[in-house]
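Protein chains in written order, with the numbering used here: chain C, 120 to 535; chain B, 22 to 260; chain H, 120 to 339.
Do not take every clue at face value.
[Claimed, not checked] Computed far set for chain C versus chain H, every beta-carbon distance over 10 Å:
| # | residue |
| --- | --- |
| 1 | Ser153 |
| 2 | Leu208 |
| 3 | Glu221 |
| 4 | Tyr281 |
| 5 | His431 |
| 6 | Ile480 |
[Stated by the list, open to error] Example chain H residues on the side facing chain B (calculated, C-beta under 7 Å, incomplete):
| # | residue |
| --- | --- |
| 7 | Leu157 |
| 8 | Ile184 |
| 9 | Thr186 |
For the record, the hints were derived by calculation from the structure and aren't laboratory data.
Ideal Cβ placement from N, Cα and C applies to all residues, glycine included.
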Amino acid sequence: MRGNTLRGTALSPTDAGTSPRSRRAATVALEHVSKRFGDHVEDQPAVDDLDLFIPAGATCVLVGPSGCGKTTTLRMVNRLIEPSGGRILIDGEPIAGRDPTELRRGIGYVIQQVGLFPHQTIAENVEVVPRLLGWPAARRRERVEELLRLVGLDPARHLRRYPAELSGGERQRVGVARALAADPPLLLMDEPFGAVDPIVRARLQEELLRLQRELGKTILFVTHDIDEAILMGDLVAVMRQGGTLAQFAPPAELLAHPASDFVARFVGADRALKRLTLRRVGELAPAPVTIAVAGEPLGAARARGGPGAPGHLLLVDHEGRALGWVDARGLPDDRPADPTTARPPAPLLEAETTLRDALSILLDAAGSPGIVVDDTGRPTGLLTVEAITAALQDGNGPGGTGEDAPPPAGSRPTGG
Amino acid sequence: MDLLAQVLAWFANPGHWQGADGIPTRMLEHVEASGLSVAVAAALALPLGLAVGHTGRGAFLVGSIANLGRALPSFALLLMLIPIAVNLRLDFSTWPILGAMVLLAIPPMLTNAYAGMRAVDRDLVEAARGMGMSGLQVLVRLELPLAVPVLMTGIRLAAVQVVATYTLGAVAGGGGLGRYIYDGFATQDTARMVAGATLVALLAIATDVALGGLARLAAPRGLTVGRPRALPAGEPGTV
Amino acid sequence: MPGEPLIRWSWVADHPAEIGGALGQHLLLTVLAVLGGLAISLPLAVVAHRYRRTEAPITWVAGVIYTIPSLALFVLLIPVTGLSILTSEIGLVGYTLLILVRNTLAGLDGVPPDVLEAADAMGLTRFQRLVRVELPIAVPVIVAGIRIATVTTVGLVTVTALIGQGGLGQLMLTGFINLFPTEIYVGALLSVVLAVAADAGLLLLQRALTPWARVHGAGA
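When you get a sec, could you build the whole thing from the sequences and use the hints?
See below:
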């Protein structure tokens, strides 16, 4: 998704299509926004002179320690809280002039406790906003089923159930479906996965990323978890106590060039490792490997490998899937490649594997090179620990951070 | 406002403040009979409620008595006891009303004693047992003090109800402030009737307030010193 | 009267109309009182919920009315409204207020804050939120209040016999005046039966109204 998510087009928010794939997205701009609770000038501001611009279709994560004003900021965007100063614009239009209820019907909202209506079925919960907007029953029904499928729930099983009958993860899926019901161009998510266990959280995060690739909404996402921020965000706004912005940058830049000690401490001492989570095996050019098909003469494989062919050949079956390494040194060219002599295959790495996971897998395999395979399981080359560390040295900011965020001085874009 | 003047005149009449039918005598009768009934009912209900609450056994019995107490009207109970008193050749102007008062005071005290005990955090009981307290020590030093506020509420509810019920005793020839109401009604003396009703209402409210104050005094200090936590700065308030 | 049985069943068999009439009047007085109480309590509770400052005065007034002994309250109303059904109903309604206001308020207060936040964030107006979300979620607690109020009212209606109304109370009072225990016991038993039946009926009604409150969590 990185690299193209910023290219979503901003359509009019009143153009309520029924397709979840309409890719309607809005820009959000915060200009000198501040918020004080209490009437006294000496009260500490919760949010102080905040400037943010979120391009249409981007996921912007607000992250920071508790009390940094990130939730307050989020709630000002749908006017659950009114700013004390500054202004907020959606698609260039100031929201202060709009009717709050009408504004909110066009903005999806997902919170940690989900807030499903306990007295309504899942279907009724999902169609709350379409009902408010006066959609006819047939269209609502169709939309509900479509959305449940989109978030990975079976309409036949869940439509008539009540929230109390669902697990925490299922409830949060319904929460996301409900937020998407009227196809809003903007989603606000406040620690949406904070209340589910780590395994479910990881799955929901992956699914939201998949959903976002499909939908291309503008998402404003609040979390206190820097790992989640780096995983989910195209842009990350790190906030600090007092409601000020410490840094606003794409995740890679944040990790490579923290703007202050506060940001450096907040992203953590392992920020180099975190940078590896931003890149995937498929982004690196794998080292070549010589392949032998089971049963073919070794000479044929050596010929494919060229003059510098190594003594070790990667044996594959007739489908092209890796079987293991064959030590061909000293063996005649006419000897067939024998699967029974193959050593078990070295670790397999998929293109989608993050470099961080790949590094861990390779360290686990005592440093032997990983075999990069494509999505059909065919080897495309090798990846070594050295190649990963070189990639870390090499790219201070991987590509795909968007045209709106110029790379910091001194960094070179690398192909992503 | 003619009536108001008549009622005030009735109160101002010194004759209404002395003798067997005087306000002090009637008030004393009312308070005595109510206090006695509550005391007898408390002696029966509180140990039972505390025992059931402490052991957790007999909750069904408590629930049944509470439901019956709510469904059986005090007036019906009073009238039902009259034929029984007659059959037993007891004075039907005193015993039925006292019996009704005692029986009706039992359910609120029983249920609140039980509820107060059950509301004590089970973790605290576990901790107390873990420190080596015996069952009796847990009851006396932990559960009972913590149950006091709820228990006092039960006593207060019972007392207010008993004060009201004794008023009805005048129907069967009993004493107390209900006499003014019933006699005033019978003799078309509206001022007397309204004066009696006013006295009864004031007595009930005074009972409620006094026992409410007593409950606050009786509650362990640790349960009353807490203040609602102020919202910390920077936290969003209610929308 | 000594020697007279507590219930003379032949009298019961001979007076179905009298007993039925008393029961019917009792039911009518009860239903009117609870409906009247609801009509006043629901708006009061909503106001107390919305404007927190009004909560203390509203519950205080309802509490004082509730504390006044029933006979005294009826008698205090007689100079204003006479020996009429109106007197009975004003008094009976007065007694339901504390229970109904308190329970409705507790029901509204019990709506989870995340549900309210979600309702606001989806663009429900205040009124839509109240009618579509808060009141429906409060229904179990409100009905619990209606059940207590109904049972209490069934008992208090007997007292209104003393001001010339009373349903089954009238039957019982006649039995007392005539020293005829059967009428007392039939009246008392039927009032208990009425209270229990009304309580059970309302419980069934609540179950039918809130199918969602019966389901249990599926676990994470």
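Tested hints:
1. Ser153: holds (22 Å)
2. Leu208: Holds: least Cβ distance 19 Å, greater than 10 Å.
3. Glu221: violated (7 Å)
4. Tyr281: violated (4 Å)
5. His431: holds (48 Å)
6. Ile480: The claim stands: Ile480 of chain C keeps its Cβ more than 10 Å from every Cβ of chain H (closest is about 30 Å).
7. Leu157: Not OK, violated: Leu157 of chain H not within 7 Å of chain B, min 19 Å.
8. Ile184: At 10 Å from the nearest chain B Cβ, Ile184 of chain H fails the 7 Å test, so the hint is violated.
9. Thr186: holds (5 Å)
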